[in-house]
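Residue numbering for the sequence shown follows the working numbering, beginning at 5 and increasing consecutively.
It is possible that some hints are incorrect.
To be verified - Pairs of lysine to any residue, SDA-like flavour, derived with a Cα cap of 25 Å:
#, residue 1, residue 2
1, Lys565, Arg447
2, Lys394, Leu80
3, Lys310, Gly110
4, Lys596, Arg447
5, Lys310, Lys69
6, Lys339, Asp427
7, Lys274, Glu188
8, Lys113, Tyr93
9, Lys495, Asp427
10, Lys394, Lys366
11, Lys516, Gln344
12, Lys596, Met563
13, Lys69, Thr177
14, Lys310, Asp427
15, Lys574, Arg531
16, Lys292, Ile31
17, Lys114, Gly135
18, Lys310, Met563
19, Lys23, Asp103
20, Lys69, Ser9
21, Lys69, Gly110
22, Lys495, Leu544
23, Lys291, Asn271
24, Lys113, Trp285
25, Lys495, Asn99
26, Lys132, Val142
27, Lys310, Asn271
28, Lys574, Asp540
Keep in mind that the hints were calculated from the coordinates and are not lab data.
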Amino acid sequence: MTRNSPQAERLDALRIELKARGLDGFIVPRTDEYQGEYIPPSAERLAWLTGFTGSAGMAVILSDKAAVFVDGRYTLQVRTEVPDGLYDYLHLISNPTTDWVTSEIGSNKKLGYDPWLMTPRQVERFTKALGETGCALVSVESNPIDAIWSDQPDPPTGVIVPHELQFSGRESTDKCKEIASQLEENGLNCAIISKPESVAWLLNIRGSDLDHTPLPLSFAIAHSNPSIEWFVNPSKISPDLMKHLSNTVSVSAQESLENSLEALGQNSQKVCLNADSTPYWIVNKLKKSGAQVVYSNDPCELPKAKKNEQELNGMRTAHHRDGVAMARFLCWLDKEVPKQKLSELDIVNHLEALRSEGENFKGLSFDTISGSGPNGAIVHYRVTEDTNRKLDQNSLLLVDSGGQYLDGTTDITRTIAIGKPSDEMRDNFTRVLQGHIALAMARFPKGTTGSQLDPFARQALWQAGLDYDHGTGHGVGSYLNVHEGPQRISKAASTVALEPGMIISNEPGYYKTDAYGIRIENLVAVREHSFENDEDLVSLEFETLTKAPIDLRLINAAMLKEFEMDWLNKYHASVFSDLHTELDEETSTWLKAATQPITWSLISH
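Could you put the whole structure together from the sequences, leaning on the hints where they help?
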């Protein structure tokens, strides 16, 4: 640890500020008031204070101790970004924040928090835990980090644009009526829509407040009459946008939200909101004003997740376009690797350039992960000028990337052999592939959740005593978030059943610390399957959307079962059939070889 590092100086300054406010500690979540995965630079308080740049985490600062909590994706990354000695490094699941706080804070202390940055569930957990120690959880009126962050960026003011019907597939007025009907059926007067992606879906709008995610940051209140109160920075609104909005939508500055919440309370309105995604500030304001608060799911979340046919066709088209870019990239990579000059940043830049040539391309869906050798074992590695390394020979390169297109969002991971892979690499890659195929081929009854399907993707790894510390699948939006709920595939228990129209990733992996990482990711759509011998019997299955070859050089074909080989050969045949006519002759020839049918004799030892 360097005591004069920026992180050390900032930690000291925060402790001085906390002492001046009569606080013995402070909670620093990695979030903004919208509780989203992606946040603007103005809200990157955790990164500014600690140096940790991951998309999920939390720090707790006490007068003499501090800790950073991350999940399994970031256990390696946090150690490279946060100076040793300033903070304890802890796992969010195995070492919960509340356990650490209660063991370290002492008694009769005051732990501060920003009510805009914590949800009712989080406040409830911390309040309960601290109550057992005689300590108090104290809401602050202004964030103490903002008081010491002298060059904090201004909040974003990106222009908001209509998301046209040709891409959305459904009028905003129809969506608003559906939500209003839900509210009325449940005896509710209104719902707080606190997720910007839900507001964007509901109003058929998109924005540019965040990198990689086309969202305008805003709140809304959906009423059962139906009408929508939309709270957004007026500078983001253009005359064309006002024409696009329904006359049932009223637009107000975000500062007006407080008055509207108080009005709901004065009229004794029954208001629903999500206790895991709404800032506690809103809940507290409603309760103090006299409103009846009902905790429930975001009413937009499920209909947003179930893509309509226009959105599904758009996703198919976007993935076709993305596949063309990936084929060109992988062909280029194979030509350049023998020169031994490529770096991780070269990979990032070239792949983005190829994607940008595609129709309707609006940007990347996240920062490309380009991890060579040991960097590939860092699940959410982001290459920088400082960490950039040349591709190691006889190693693996993990590339996780995606694009935002007006008609869809893509996310794909491929692991690529650089030189000659070891037998261990091939065996472990093949186990990951077997898990990927098992999930891709799954057929399941209606009502099945992602947690029930998760073991399909891990079984081959488990047989060798291996596993991975992240979920197997996340939902994906339609020109929205690349990570979207409520559907997911993971070990964690889930009550959300997979339904037709949902898009979800299939991405098992394996990571050997300080050596290499393996992940194979395709996006899939849930669809119905009817049985020929019984038309009344219907189950669900996956349609694979992603179109890109899986590296044959990394497969130990002797490990594959016949049905696994058959799936891979059919998948590769579809990739070549769909893409080759849009490729130049050299790339088409390369793709034909990269998607050739495999047999045990072709690839096995």
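Checked hints:
1. Lys565 - Arg447: Measuring from Cα to Cα gives roughly 18 Å; hence the hint holds.
2. Lys394 - Leu80: holds (20 Å)
3. Lys310 - Gly110: violated (48 Å)
4. Lys596 - Arg447: Roughly 30 Å between the alpha carbons, so the hint for lysine 596 and arginine 447 is violated.
5. Lys310 - Lys69: violated (46 Å)
6. Lys339 - Asp427: holds (24 Å)
7. Lys274 - Glu188: Roughly 11 Å separates the two Cα atoms, so the pair holds.
8. Lys113 - Tyr93: holds (23 Å)
9. Lys495 - Asp427: violated (29 Å)
10. Lys394 - Lys366: violated (29 Å)
11. Lys516 - Gln344: holds (24 Å)
12. Lys596 - Met563: Given that 25 Å is the threshold and the Cα spacing comes to 24 Å, the pair holds.
13. Lys69 - Thr177: violated (52 Å)
14. Lys310 - Asp427: With a Cα-Cα distance of about 42 Å, the restraint between lysine 310 and aspartate 427 is violated, given a limit of 25 Å.
15. Lys574 - Arg531: holds (19 Å)
16. Lys292 - Ile31: Holds, at roughly 24 Å.
17. Lys114 - Gly135: holds (11 Å)
18. Lys310 - Met563: Violated, at roughly 37 Å.
19. Lys23 - Asp103: Judged against 25 Å, a Cα distance of about 23 Å means the pair holds.
20. Lys69 - Ser9: Holds: lysine 69 and serine 9 sit about 17 Å apart, inside 25 Å.
21. Lys69 - Gly110: holds (12 Å)
22. Lys495 - Leu544: Holds. Lysine 495 to leucine 544 sits at ~20 Å (cutoff 25 Å).
23. Lys291 - Asn271: holds (12 Å)
24. Lys113 - Trp285: The given pair, whose Cα atoms are some 22 Å apart, holds under the 25 Å limit.
25. Lys495 - Asn99: holds (18 Å)
26. Lys132 - Val142: Holds, at roughly 13 Å.
27. Lys310 - Asn271: violated (34 Å)
28. Lys574 - Asp540: Between lysine 574 and aspartate 540 the Cα gap is close to 28 Å, so the pair fails against 25 Å, i.e. violated.
Hints 3, 4, 5, 9, 10, 13, 14, 18, 27 and 28 from the earlier list are contradicted by this structure; the remaining hints agree with it.
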